[in-house]
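*Asks:* Next come the chains, spelled out residue by residue.
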Amino acid sequence: MAKKKTILEDHKKVGSKFIPPMMQLPNWNEISYINQILPEIIWMGLINDKFGYRGGIDLSSKIATKAFDLRETDKHMNFTIASNFNLLSDNKKSELVRDLTESSDIHKYRDALLPLIALYQGFPLSFLGISEEIRKKEELVAIMKNCVEKHLNKYETPALIIQANVIYVRGSTGGLHVASHIKMPDLNSLLDDPESEKAKRAGSFARIGAMQEMMPMGDTRICDWAKSFWNQSYKIDKCDFSWEEND
Amino acid sequence: MTELNDIMEVMKSYSIIVEQGMNERWEKLPVELYESETYETIGGLMARQATLTIELAMSPSTWTGHIAPLILRCMTDAHITLAWILSDPAERAKKYILYGLGQEKLQIEHLKADADQDDEQIQKMIEIKESWLNDQRRDFMTEVNVGNWAGLNTRQMAIEAGCEGLYKFAYTPFSGVAHNMWQHVSIYNLKPCINPLHKYHKVPTIRKAPIEPDYVYRSAKYIDRSYEAIDKKFSLNIETMMPLAYLVEEFNKLSTNGNGT
Numbered sequence: 019m020a021k022k023k024t025i026l027e028d029h030k031k032v033g034s035k036f037i038p039p040m041m042q043l044p045n046w047n048e049i050s051y052i053n054q055i056l057p058e059i060i061w062m063g064l065i066n067d068k069f070g071y072r073g074g075i076d077l078s079s080k081i082a083t084k085a086f087d088l089r090e091t092d093k094h095m096n097f098t099i100a101s102n103f104n105l106l107s108d109n110k111k112s113e114l115v116r117d118l119t120e121s122s123d124i125h126k127y128r129d130a131l132l133p134l135i136a137l138y139q140g141f142p143l144s145f146l147g148i149s150e151e152i153r154k155k156e157e158l159v160a161i162m163k164n165c166v167e168k169h170l171n172k173y174e175t176p177a178l179i180i181q182a183n184v185i186y187v188r189g190s191t192g193g194l195h196v197a198s199h200i201k202m203p204d205l206n207s208l209l210d211d212p213e214s215e216k217a218k219r220a221g222s223f224a225r226i227g228a229m230q231e232m233m234p235m236g237d238t239r240i241c242d243w244a245k246s247f248w249n250q251s252y253k254i255d256k257c258d259f260s261w262e263e264n265d
Numbered sequence: 642m643t644e645l646n647d648i649m650e651v652m653k654s655y656s657i658i659v660e661q662g663m664n665e666r667w668e669k670l671p672v673e674l675y676e677s678e679t680y681e682t683i684g685g686l687m688a689r690q691a692t693l694t695i696e697l698a699m700s701p702s703t704w705t706g707h708i709a710p711l712i713l714r715c716m717t718d719a720h721i722t723l724a725w726i727l728s729d730p731a732e733r734a735k736k737y738i739l740y741g742l743g744q745e746k747l748q749i750e751h752l753k754a755d756a757d758q759d760d761e762q763i764q765k766m767i768e769i770k771e772s773w774l775n776d777q778r779r780d781f782m783t784e785v786n787v788g789n790w791a792g793l794n795t796r797q798m799a800i801e802a803g804c805e806g807l808y809k810f811a812y813t814p815f816s817g818v819a820h821n822m823w824q825h826v827s828i829y830n831l832k833p834c835i836n837p838l839h840k841y842h843k844v845p846t847i848r849k850a851p852i853e854p855d856y857v858y859r860s861a862k863y864i865d866r867s868y869e870a871i872d873k874k875f876s877l878n879i880e881t882m883m884p885l886a887y888l889v890e891e892f893n894k895l896s897t898n899g900n901g902t
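Sequences listed follow chains A and B, in order. All residue numbers for the first sequence refer to my numbering, where the first residue is 19 and numbers rise by one. All residue numbers for the second sequence refer to my numbering, where the first residue is 642 and numbers rise by one.
Derived by calculation from the structure, the hints in this document are not laboratory data. Treat the hints with care, as some may be off.
[As the list claims (entries may be wrong)] EDC-like, lysine to aspartate or glutamate: derived pairs with alpha carbons at most 20 Å apart:
1) 93(A) <-> 76(A)
2) 843(B) <-> 167(A)
3) 840(B) <-> 167(A)
4) 736(B) <-> 681(B)
Predicted model, so just to flag it, every value in this text is computed and none were measured.
Required output: the full structure, derived from the provided sequences and hints.
*Replies:* See the structure below:
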């Protein structure tokens, strides 16, 4: 006779609580993709929406790498995380703008990031300057809304691409150290063959990478921009209960 | 409208069956007056179950996920209490009563300490409560127990009384409603905003919950269980139809006639 399954058998009882296996790991920190990670990387989603995945990845990586080269610390910093731009001095920010202007890319960033630059106070890349393109507020809100909707599910391709870019840039700037026996997943598979097993592995790697980037390593991760992003998002558009019409 | 009228006719006759069943049981119960408190406890809890199912049956506006679970939680609690007492009626009925008296004594003390002593209505209420208490046991002999009355929690009582399933699958989920817990509130008192910029957050709503006669069906199951527990304990042979069987039969008739919901 089959043994009757005991409920919560893989959990550990601590007082009156049953702790799931994952939460039993030491130094476990819970990071919310939507709350904490998305506001930091959504800017790459806007660039991808404007220039496509390949073009977008190139642009995001380019600015993040340039910012990395301009950093004024020996510590590794990943500039796919928007808040890290706040750690550049005003001089370095100006230098970055100058550099991007010389390469004629500045307008691409300004156009793509216009919704974040125009609608949100304190967006860490606002120093890039505002686009010359004239857009109504409603249009910008619609672009932002569409972008957030596309990137809200961390398991879907648009969100996986921007998460993958976090780890890609970390790697390309020398901040990724992987044991020699571990085979690096092929991040390109997310674009080339998103339904494949290779892509699933790459997606999982990308999600963990983005999450680790947000884990405080000794320091406390400051969530100012993430909080501000969501609080401002609440104000720039109304609630939507249109589903009630068909209910 | 006709459908509701037809259903309410069934509910009226159901209520009569419930009451008849309660009266017949009380008449056939081998009451030993020397231990009157035992039979008062059993009879009182039986009447409580009957009252709750009748009140629910006669109030269709309460057949919603907002209100019906409150009544059903109370009924499952009453059944667990009754079933546990029936395992050792004399001893446990005494505990049950003494705990209730202690609670009333505590309430009187709170009123005396904290309420406005110049308020005549409060003074009158204290007098009435003291009189009710002292008629049963002098207050200076009444203990106040601030723990569980049975010395067990409800889950332990349910296990001992052989109704762990009722505890797991009815008492516990209904408790979420009674205690306004998230698993209820998030479904019944919040609605999702589908604006992605708002993280699909939820906002308060007074939701129109559907009216479901099924809640009365469930309450019929609980009054049945309580009646069966009494019948078994005292080997009663009851002629009145069981409430659940009656309700099912009447609803089947409604469905056959094409008037049911």
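*Asks:* Hint by hint, note whether the structure agrees.
*Replies:* Cross-check of the supplied hints:
Among the hinted pairs, residue 93(A) with residue 76(A) is inconsistent with the structure: their alpha-carbon atoms are about 24 Å apart, more than 20 Å. For the hint linking residue 843(B) to residue 167(A), the alpha-carbon distance of about 16 Å falls within 20 Å, and the restraint holds. Note on residue 840(B) and residue 167(A): the hinted pairing holds, with a Cα-Cα distance of about 9 Å set against a maximum of 20 Å. For the suggested pair residue 736(B) and residue 681(B), the alpha carbons sit about 13 Å apart, so the restraint of at most 20 Å is met.
Of the numbered hints given earlier, the model fails hint 1 alone.
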